[in-house]
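Engineer: In case you want the letters, here they are:
Protein chains: 2
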Amino acid sequence: MRLRNIPGAEAALREYPTFVDNPLFYKGNWKERFGNNNPIHVEIGCGKGRFINTLAERHPDINFIAVELKAEVVLRAVQRTEYKAIPNLAFVQYDASKLTELFADHEISRIYLNFSDPWPKTRHAKRRLTYKSFLNTYRQVLVADGELHMKTDNENLFEFSLNQFAAERFQMRNITFDLHQSKLAADNVMTEYEERFSSRGQRIYRVEASCVIK
Amino acid sequence: MRLRNIPGAEAALREYPTFVDNPLFYKGNWKERFGNNNPIHVEIGCGKGRFINTLAERHPDINFIAVELKAEVVLRAVQRTEYKAIPNLAFVQYDASKLTELFADHEISRIYLNFSDPWPKTRHAKRRLTYKSFLNTYRQVLVADGELHMKTDNENLFEFSLNQFAAERFQMRNITFDLHQSKLAADNVMTEYEERFSSRGQRIYRVEASCVIK
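In the order they appear, the protein sequences are chains A and B. In case it helps, the working numbering puts the first sequence at residues 15 to 228. In case it helps, the working numbering puts the second sequence at residues 15 to 228.
By construction, these hints were calculated from the structure, which means they are not laboratory data. All of these numbers come straight from a predicted model, not from anything done at the bench. Take the hints with a grain of salt, since some may be wrong.
Since copy identity is lost for identical chains, a pair holds within one copy or between any two.
Said to hold, decoys possible - With a cut-off of at most 30 Å between alpha-carbon atoms, the simulated BS3-like pairs for lysine-lysine come out as follows:
no.	residue 1	residue 2
1	K98	K197
2	K135	K197
3	K112	K146
4	K112	K98
5	K197	K140
Kindly generate the complete structure, drawing on both the sequences and the hints.
Structural biologist: See below:
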């Protein structure tokens, strides 16, 4: 997502109780931050924040963490919380390729990848969030039966991702080429991007993949 | 494929040296029929026969068997052989759901499914050639590292098949949503149906799946 640079975004973030200024401090101890042992679900790249905010409302027994690289993007998402302290929601500004700095081995239960950058050029394949090096990072921080839930409107990224999941021995499930016309539509929480693109007739692809320990 | 009923098709078939009139006789002994121990590749549903005839020409070190239910369809395909005896090619008229009557356990190395009937109605899902009961039959007759190669122009059948392969623990590879634009196009042998449909701009989906013994 492209946003204007927002001067002072990083300072502004610290005003929000759901923003975690010192995320490395919680590695291996996120349960302390949340004050309970509930499962932790992570969204990588939070867009405008509707998805993670909605899930946090719907599932008070799950702890949600949004990990997003750009301060301006985190700020847009965290603004939805209106300075409220939401006990099961946290926003982190960090590089997703370094998830192992944020989370101990097997500390989290699920990862959401929503409309990640497709990086269409072959020479940028390693930057795609389903490239095998990312999958191995996810496997490290996810519990043994942990899951990845991926949505995209980009067919090439979807095709690439299915092949990566298969090659890295992730167990796939609920593969759909048209989420909004599928039986999974009822429980689907749309991101802002998803709503805009699907309203133009763009189909949404989705897959769940669980890490089968090699 | 729909064809007019051809009177006397079954009798006509017996005139062709590549047609095997008594296929059950060879169960477990197809190497006797071919006179060698070369790997056996099977096409289920042979269409007009170009695919299997072309593969047999290109790969003299592989034995090919086309299994097709309808006598009229087998006849059209076998007519391409022009009454020649082709040492590594055999045509069989038989029901693919009964492959275990034709082949001993682990007797064959590869199965091709080309443009199988999509059976679009949900209540007919069990008839699709990638339904789990078929996959378990294939697993039984295929060698341990045996492969299924599937092509289709039907997106719903492809989506269904990917889910079946995943659920039945087949290891997928080379998943492509547009075969003719992919790196696999160079080695692709087009069926008659494929040529006709792709010339109209219809995309071809393809996947390889190998049976990982449970």
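Engineer: Taking the numbered hints from earlier one at a time, note which ones the structure violates and give those numbers from smallest to largest.
Structural biologist: 1
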